[in-house]
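Undergrad: Residue-level listing of the chains:
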Amino acid sequence: MNALGKTDSRIVIENVSKFYGEVLGINKVNLTIPPGITGLVGPNGSGKTTLMNLMVGLIRPTRGEIRILGVAPDHPEELFRLVGYSTQYDAFPPGMTGYQFIYSYLRVHGFAHAEAEKMTWEAIERVGLTEAAGRKVAGYSKGMRQRIKLAQAIAHRPTVLILDEPLNGLDPMARAEVIALFRSLAAAGLYVIVSSHILHEVDLISDQVVLINGGYIVAEGEIGGVRDEMEEEHPVQVLIRCDRPSLLASKVFEQDHVVEASIQDDGRSLLVRTRSADRFYMMLNEVVLETGLGIETVMPTDADVNAVYQYLIGEKS
Amino acid sequence: MSETLRETVPAQTISHGNPWGQWRNQALAVMRLEMRKSFLSKRVFLLLVLALMPVFLLGMRAIIPVAVDDPANLAEATKVFSAIYQAFTVRVIVFLGCVWIFGNLIRREVLDRSLHYYFLSPVRRELLVVAKYLTGVLVAIVLFGSATLISYLLAYAPHTGVGNFFFRGPGFAHLGSYLLVTSLACMGYGAVFLALGFFFKSPAIPALAVFGWERILFLLPPLLKKVSVSHYLQSLCPVPFDEGPLAILADAPSPWISIPGLLIVSAALLALSAWKIRKMEISYEED
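Protein sequences, first through last, are from chains H and C. Under our numbering, the first residue of the first sequence is numbered 1, with each subsequent residue one higher. Under our numbering, the first residue of the second sequence is numbered 1, with each subsequent residue one higher.
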């Protein structure tokens, strides 16, 4: 049961489409998002922000229905007790310090002064901006502005955190700290939905990914699972570094699931493309047992989200 | 950055009982925030200059001896103030001030790209628009009410026998009426421009149209005069204003119609704004 007394513990997006006149925002999106970190990945203009804005009611769907833990987005007075959203807009109310920014909107939530003050400092501390809290937001660096937006999104302790490109503009240290924060929130059972067009980031932090392109969801699930679904059409590449690559090559060519095998220029590696990673690894074990092949490394070269993205979307990150 | 995991459960549960206390707190928080963002900043400077214009005019009259024909003639002060107040203060200064204040209540935050922070709070959008309107009304009444008060006092300053006029005559009653008219003007024009702000991207064009309508009101037949704010305000002023030989005369509505009528129309326009904000989508890119 959530804070509003509702029993639905799912984020459900059912057949949602959004058109801006003739222009497609997203089309026929069906998603169920579980707790943990969900990465929403797609190139610029793919519909990530549209989907997030629909989830929080900043825009309304042309068709379909959205429920966030049982609450419809057109009831902000209920929804935003559960949801925190950090938008992509790099804009703030003028003239405010970081502290005033967080505190003022907590008061708008309805928190009393003492509670709002406590929660403000807590959120500011969590994003590492304690020393800069008294400075005007207008004077913040891009990374600091990202972090103060994140603080504003988490300040009221939401159950669902929706973050649009939250790692943009962060230096590597801040990025690592923010990722650690996401993980700690997800470990506590929160729903953390993070969008990014930088695939490596999402690959690092997500429990599951949703790939979106041209307004359509092209794949969803755990990155490995998404990859498995595509094996039939898009063979997996595995690089094996061993002492006798030519022997291994002769063995793999006997397999019907292997599409291609090529010895690499270093003379010690074999690159194999197969339609069934499971059967390939099984066969590799058998070859090792039969021939005593000395294997140094076995490395899937395209099981990361980058490769998935290339297959599905046809673009390099 | 602290990586300590603190309490992550929602800090607040919705009240299933009487929501009025929560709404009051939220409305007050919005009003405080609006005051900080918009009215306690450099942005208010032009508004102050505007509000001080009638004060400046009547101040000049007070300090330049030749500007007053007969210092003993209080009727002259009454006539001068009434003319300046009705033709300039209400119809130009308060009007333009309300365009600036209320036309920008929503629009400015769309241009600043900061309106979404309100929309991402658990506050009813209808409550948000009411709180913003009340902040605007408060600021407008303080500014233009003060300007009315000061300019009224300045109108009588160069005259003699002012004590009798105020303490034994109609001085304070007139002042009270003018302050009431200023307040109702702020509420009425405020509701008009707040609502128009939802239908037009720039408040300037509808403001110009309303301004033109109100300026030609004296030429319009009685039925059309009723579709205006200044027609009702004029009837509440203690001293009639001569609109010239071309004016088409109409019976002035009684205060019992004017005051509730203005309040009801303001409330209806506010309800329209609340309906519009409930339907509003944020798409800053289009603005």
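Just so you know, the hints here were simulated from the structure itself, not pulled from any lab data. Just to be clear, a hint being listed does not mean it is correct.
Claimed, not checked - Lysine to aspartate or glutamate pairs mimicking EDC-like chemistry, simulated, CA-CA at most 20 Å apart:
| no. | chain 1 | residue 1 | chain 2 | residue 2 |
| --- | --- | --- | --- | --- |
| 1 | C | Lys79 | C | Asp69 |
| 2 | C | Lys279 | C | Glu126 |
| 3 | H | Lys142 | H | Asp171 |
| 4 | C | Lys279 | H | Glu65 |
| 5 | C | Lys79 | C | Glu243 |
| 6 | C | Lys276 | H | Asp74 |
| 7 | H | Lys251 | H | Glu290 |
| 8 | H | Lys28 | H | Glu14 |
| 9 | C | Lys201 | C | Asp69 |
| 10 | H | Lys118 | H | Glu131 |
| 11 | H | Lys136 | H | Asp90 |
| 12 | H | Lys136 | H | Glu125 |
| 13 | C | Lys279 | H | Glu131 |
| 14 | C | Lys201 | C | Asp251 |
| 15 | H | Lys28 | H | Asp171 |
| 16 | C | Lys276 | H | Glu14 |
| 17 | H | Lys142 | C | Asp251 |
| 18 | C | Lys279 | H | Glu78 |
| 19 | C | Lys226 | C | Asp251 |
| 20 | C | Lys279 | H | Glu77 |
| 21 | H | Lys251 | H | Glu286 |
| 22 | C | Lys276 | C | Asp251 |
| 23 | H | Lys142 | H | Glu115 |
| 24 | H | Lys136 | C | Asp112 |
Undergrad: Work down the list of hints and note, for each, if the structure agrees.
TA: The hints, checked one at a time:
1. Under the criterion of a C-alpha separation no larger than 20 Å, the hint pairing Lys79(C) with Asp69(C) is consistent with the structure, at around 13 Å.
2. Only pairs whose Cα atoms come within 20 Å are accepted, and Lys279(C) paired with Glu126(C) is accepted, the gap being roughly 10 Å.
3. For the hint pairing Lys142(H) with Asp171(H), the CA-to-CA distance comes to about 10 Å; that is within 20 Å, so the pair holds.
4. With a CA separation close to 16 Å, the supplied pair Lys279(C) and Glu65(H) stays within the 20 Å bound.
5. With a CA separation close to 13 Å, the supplied pair Lys79(C) and Glu243(C) stays within the 20 Å bound.
6. Simply put, Lys276(C) and Asp74(H) have alpha-carbon atoms about 13 Å apart, close enough for the 20 Å limit, and the pair holds.
7. Annotation: proposed proximity of Lys251(H) to Glu290(H) holds, straight-line Cα distance about 11 Å (limit 20 Å).
8. Annotation: proposed proximity of Lys28(H) to Glu14(H) holds, straight-line Cα distance about 8 Å (limit 20 Å).
9. For the proposed pair Lys201(C) and Asp69(C), the alpha carbon gap of about 48 Å is over 20 Å, so the pair is violated.
10. Using a Cα cut-off of 20 Å, the hinted pair Lys118(H) and Glu131(H) holds, with the two alpha carbons roughly 16 Å apart.
11. The straight-line distance between the Cα atoms of Lys136(H) and Asp90(H) is roughly 14 Å, inside the 20 Å bound, and the hint therefore holds.
12. For the hint pairing Lys136(H) with Glu125(H), the CA-to-CA distance comes to about 17 Å; that is within 20 Å, so the pair holds.
13. Taken as a hint, the Lys279(C) and Glu131(H) pair is broken in the structure, with Cα atoms around 40 Å apart against an allowance of 20 Å.
14. As the CA atoms of Lys201(C) and Asp251(C) are separated by approximately 37 Å, the hinted pair breaks the 20 Å bound.
15. The straight-line distance between the Cα atoms of Lys28(H) and Asp171(H) is roughly 37 Å, outside the 20 Å bound, and the hint therefore fails.
16. For the hint linking Lys276(C) to Glu14(H), the alpha-carbon distance of about 26 Å lies beyond 20 Å, and the restraint is violated.
17. Using a Cα cut-off of 20 Å, the hinted pair Lys142(H) and Asp251(C) is violated, with the two alpha carbons roughly 63 Å apart.
18. Only pairs whose Cα atoms come within 20 Å are accepted, and Lys279(C) paired with Glu78(H) is accepted, the gap being roughly 17 Å.
19. Between the alpha carbons of Lys226(C) and Asp251(C) the distance comes to roughly 10 Å, so the proposed pair stays at or under 20 Å and holds.
20. Of the pairs offered as hints, the one joining Lys279(C) and Glu77(H) holds, with about 15 Å between alpha carbons and a cut-off of 20 Å not exceeded.
21. At roughly 10 Å between alpha-carbon atoms, Lys251(H) and Glu286(H) fall within 20 Å of each other, so this suggested pair holds.
22. A distance of roughly 35 Å separates the Cα atoms of Lys276(C) and Asp251(C); the hinted pair therefore is violated under the 20 Å criterion.
23. With a C-alpha separation of about 29 Å, the suggested pairing of Lys142(H) with Glu115(H) is violated against the 20 Å cut-off.
24. For the hint pairing Lys136(H) with Asp112(C), the CA-to-CA distance comes to about 16 Å; that is within 20 Å, so the pair holds.
When held up to the earlier numbered hints, the structure conflicts with 9, 13, 14, 15, 16, 17, 22 and 23 and fits the remainder.
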